[in-house]
Every structure is written in structure tokens, then in C-alpha cells.
Amino acid sequence: MKLWDIIKTTNSNLLRNKGRSFLTILAILIGSFTIIMTTGINTGVNGYIDRQMESAGGEGYLEIMTSSVADLAMSSDFMGGGDVKEYNPEKDSSAVQYITNKDIEKMRQVKGVESVKQFNALQAEYITRSSSAKKYAIQVSEMPTNSINIDMASGRIVNLSSDVPEIAIPDKFVSPLGFKNKDEAVGQKVKIAVMNQITQRITEHEVTISGIMNASVVGMGRSWLNTAAGTDLYNAMTAGLPAEYKDQSYFAVAQLESGYTSNEKVQEIKDKFKDMGYTAMTVADEVGMIKSFFDAITTVLTIFGAIALVAASIGIVNTLFMAVQERTREIGLMKAMGLGKGKIFTMFSFEAISLGFWGSAIGIGLAYVARAIANSLASQTFLKDLPGFTLIEFNIISLVTVALIVMFIAFLAGTLPARRASKKDPIEALRYE
Amino acid sequence: MNIIATRGLKKSYGKKSSRFDALKGINLDIKEGESVAIIGKSGSGKSTLMHLLALLDKPTEGKVGINGQISSRLKERKINKLRNREFGFVFQQFFMNSNDTVLNNVVLPLKIAGVSGRERKKRAMEALKTVELDDKARSKARNLSGGQKQRVCIARALVNNPKVIFADEPTGNLDSNTGKRVEDLLFSLNVNNGITLIVVTHDQDLAERCDRQIHIKDGLIESDSNRREKEQASEVALPTNRPSKKTGSLPKKRNVKKGAKQ
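If you're matching them up, the sequences are chains A and B in order.
Residues 6 to 438 in the working numbering are what the first sequence lists, from first letter to last.
Residues 5 to 266 in the working numbering are what the second sequence lists, from first letter to last.
With the rest of the complex left out, here is chain A (with noise of 0.2 Å):
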């Protein structure tokens, strides 16, 4: 029997019971199309944060805590867990915890960094373009660097050297704050509003707009300050509290020499840093965080996935069982007619690697539906801020190489039947009962 000619009976079996073989494709196409959407989302997510990745630059900067804050961010005391623990000033002093000037001079002594300064958390209250116009509350960091590229929607980043205050925005903040466009929002003047820590008393502060931001990622929708507004804030923040006070802050931010920013230099001053009792990250490290934690999502999805294939495998063998034990006269009349063991055992193989190329294809195709379906929703609504943040993506090798798996899955699971087909005896099989 040709091989094309097996193929073709394959499918006109198939045919035969169309409720069933539709049942079992189904059951297939749930585990593919999980595993194809799972992938999809994890393409999408990594695509997109590899393209911020590769343009946001931070060439040799480096973000800086005690590595008994990063402990605690990463261990389950964090969480309330834990068991209670003897006192151990080394590790548990909230003297540990904070960075102080020593500390920065410590930091300093590094061979290849160029600067380290203390990154004061700030908090600001509002923004307002004048004190009786509408306020909107707004999250500021000081600029820490400028090796990071920011992706400008209009104007420019801030210049960390400048004397005047100056501040980048989001371009979500041009509407609300009156502006008719980005472009007319550059050079305008803001005032941003923060608290002092001991009066409770509210002071403005004029900003000028250096730029406007496409929204990404790497900011996490904050908006930037340079050194001198930066520093202005902090002051009008903590006015009146000691010295030592101000000292103290969680984050440093480092910036390397330029010979030093290769990843193996990179590696060896944050081991260096990490032996000091300091953690550093890379803004590679701080974008690897995210995808490890996408990553864990997608895998799960996955693996429900593969759950839900393992259950239509079931299906598969059930299936075919049930078709042999029907088919049982047919074998043995094809076997007469001299058919031989291994050609039965094709038919019943390609039958179940067919119920599989169904079940991805179509899989595949309803993917493709949700996806567009998925993408313009995500893209009108959570992703609105997010330009060039494509929710799923599919990419032709991965699609194939979920098809070949499940359809390898399919074969796998029609060996039983197939085997047990292959055995019929063909005196047996034409018995009359």
C-alpha cells in the first residue's frame, strides 16, 4: 500500500465517525491552543521588553542597596512567613539596612566607578500648572544618570548639569494639565507640590518641562527630575530634620568608567560590591526581574497546557481503541488480502497523528483569531500607554514546533491501539459470531 494511499484512508476513516474524531480533535485543540496562546504572550512580552532593553541603554550604571534589604525583599520574612530568629546585628540592625555617606565613600574606593550617590526617595504630592488650576498627583524620581536612553515623544530628557529645575513627563500628562499638544508643552513651566516630613506644610516648586515621555516600561510611567530640581525637592522634604537623618537613604546609584562596562567588568564589581555587603543591579538585572516573572506565569500556563494534552492523549488512545475494536473485520480482511503488520500499524499511527495535525492546525487557527481579538483590546485599553507593546506575537518556528510536539504526542499515544491493531489475527478478525 503507497504511502499516499494510507494518508488518504486515514482520513476517509476519520470521516466515518465524525461526533468522535470532532471530540477528540477538540480535546487536542484545547491543550495546543493553551500552549500557543501561553507562547504567544511570552514571545510578546519578551519581545517588547527586549526592544526597550536594547534602547535603554545604561551603559555602566548600577543601582545599589545593602545586601541585607535585598535579602529581605527576596525571603519569605517579607511575605509574614518565617520562623522567629535570634537578633543578629549584623544582619538585622536597621543600621544595616540603610546607606549611608560611609557607606558611599566605601563604594567609592571601587576600582572603575566613576560616581556614587545616595538616590533620595522622593515623594511628591501634585502637579499643577498654577496653585488655583487642577492638581493631579504624580509619582518623581531624581534622574540618577544619563546613560539611560528615555524614549522622547517631544523635546529632550532633563540635563542633569542644568542650574534650572527641569522635569520630563509622561506625554498622559499633557491633556489633563492644558496643554494642546506635546510639542507646546516643552519649556512650559509646572509647579510640583511636596510635604515637609515634620510640618506637614505643602510647598510648591516650579519645574520647567524639558520633555515629553512615550510611556515604557524601563520609567514604570515615573516622571524624571535633574540634579537641581531633585535637590530642591529632597530639601523642601526633609527641612528641619538632623543631618544624620538626611544621610541615610536605601538606594545608591553608581556609575562605572568607561572602560569598565563590559559585562565581565560589570560582573566583577558587583561580586565586589556583593563581598562589601552591597547588592548591585544592572538595569538589565532590574528588566531580567520582570521577564523571570512572566516567564513563571507563561510556564505555568504552559504546563496546564500540557496538562489538558496529556488528558486528550487519553482521548487519542480511547478513541482509536474504540475504532479498531470496530474496525476489527476490516483489519482482518485487509490482512487476508495481504496486508502486512506494519502498514496496519501506519494507518493506525497516521490516524492518530492526523487527529493531532487537526487538532494544532485548528488550534493554530482559533490562535490566530484570539490573538487579534487579544491584541486590539489590549491595545485600546491596558497597553493604550504602552506603544510598540504587542500583547501576543507569534513566530512561524515556535507554531511548528508546538504542531510537530503535539502531533509526536499524538503518535506516541496511538502506538497502543495502532500495536494492538497491527496483532489482529486475521482468522479471528473474520470470524462470524
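What the hints contain is simulated information worked out from the structure, not anything from laboratory work.
Check before you lean on any hint, since a few could be wrong.
Footprint (simulated), chain A over chain B, 3 or more residues, beta carbon under 8 Å [claimed, not checked]:
#	stretch
1	55-63
2	81-88
3	175-181
SDA-like cross-link-like pairs, simulated, lysine to any residue; straight-line CA separation at most 20 Å [stated by the list, open to error]:
#	chain 1	residue 1	chain 2	residue 2
4	A	Lys23	B	Asn103
5	A	Lys348	B	Gly47
6	B	Lys125	A	Asp430
7	B	Lys19	A	Asp430
Listed next, with one range per pair, are the computed distances between beta-carbon atoms [unchecked claim]:
#	chain 1	residue 1	chain 2	residue 2	range
8	B	Lys82	A	Asp430	15 to 23 Å
9	A	Phe27	B	Thr64	40 to 48 Å
10	A	Gly370	B	Lys184	34 to 42 Å
11	A	Lys7	B	Lys82	13 to 21 Å
Backbone N, C-alpha and C fix where the C-beta goes; we use that ideal spot for every residue, glycine too.
Chain A is already provided as a structure; the job is to place chain B on it using the hints.
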């Protein structure tokens, strides 16, 4: 020339205490072009014998020779090929795919043989013409009458131009009129095309039409009337008149009693 021969053929089922000997030693020579009826009650071993002759089963002991080749020495692939090329099968229950067309049913042995599509169709139509059902080629098999179904089965058995057709109770499911038509068809293939016909039956009339009747009882050949040998013997007396097949006589005691131990 012998097309099928057996020596000391034994077949047992089961083991030890539950052992059942279906055939206890069969020696048989079937010549090319012969029509042979294997007759016996159910349980006599006649079906088992046919299965062994058709190489559908392997004997427990003894040998089956096909065209001078010993079957036990042939590889499975070779045996499959042999069955496909040299044998045709007709069963009492037809065994057709009733949801498929007549043509597709007839084509099956050629499909198994790997014959190409166009050639397949041509030969299947020829076979259908032989059984006078070429006008039904496109009909679904389930829409045919019993007699028509059996004729389609004959066409299917015929389509590979086999040397031997095995027919297991070919008229068992048919009324006498349609049964007769199927019989006529089988015997005309035997006479006109020289196809060896091996019929398993307990229908005395059908058996009578065969050249030779082999009675099987309890796994042994009870009697074997070789009419051709008789004819050849009486040819001097009756040179021109070949007796009508219908008027065959009952097997006589003269027949060699075979079986027993070899």
C-alpha cells in the same frame, strides 16, 4: 501440476489438558485449475484447513507447499505478497465496507498491492464487468442486494488475477436463485480463466458441482473423490462428451483414505 500441496498437516489449539486437535494430519494435492469442495460439519476442521491452505494461519506440524515453495520457509512479507497476488477470497458474510462505493471495495486488493490509481480503476471496472455489475460501480455497497454483494466480493477476489480463489460458504447467505448465479460465476471463472477454486461448504449441491469433493471429519480426510482422475480414466470410453457438472456422483469408497500418521 500441483498448485497447493500439504503433507502431514496438523493444527492444535490450546495447551495440555485443554488442547484441541483441529487437524490431525492432512495430505492433499490440489492441481492447478481444479475445483475442490471441502465438505464437513461444523467443527470438523474444514475451515481450519482452508485457513492453512490460504496461508492465513500456521500449522502446528507439517508443511504447506504453494507452487513448489514451502510456506514455513517464506518470510511474512513474502507470504503477504503471495496472498495478495495469487489468492482471492470470498466469504459467506461478504465483509465489505458498506459505507464505501462498490468500486472502492473492489479496488482494495490492488490498493494493498500498491497499484497506481488509474490502473486500479481500470482493472476494477474489468472485474466488475465480469460479474456484470459495472453499472453499480458508483453505488454504495450497502444499497446492493445480497447476491449483488457477493458478486462484488467475487469481483474483488478476481481483481488481482489470482491463481486460486478461496470461497468460504459463498452461497450460505443467499437464496437458491441468487446462490445459483454466484455459483455459475465462480465455476465459469474456474472453467474459462483456469482459476483454481477451493470452496468450503456444507451445501451438498454446491459441492457436487466441483471436480473433487474432500470430506473432512474430526480433523482427517474421510474421503476424496477426484473426478478429473475419474474422467481421465473414462476418457477412452467417453471421448467427446464431458459430463455435465450437475450430474456428479456421490463420493465413492474407492477414494484414497488419507490422513492418519505420516
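Those earlier numbered hints the structure runs against, lowest number first: 3, 5, 6, 10
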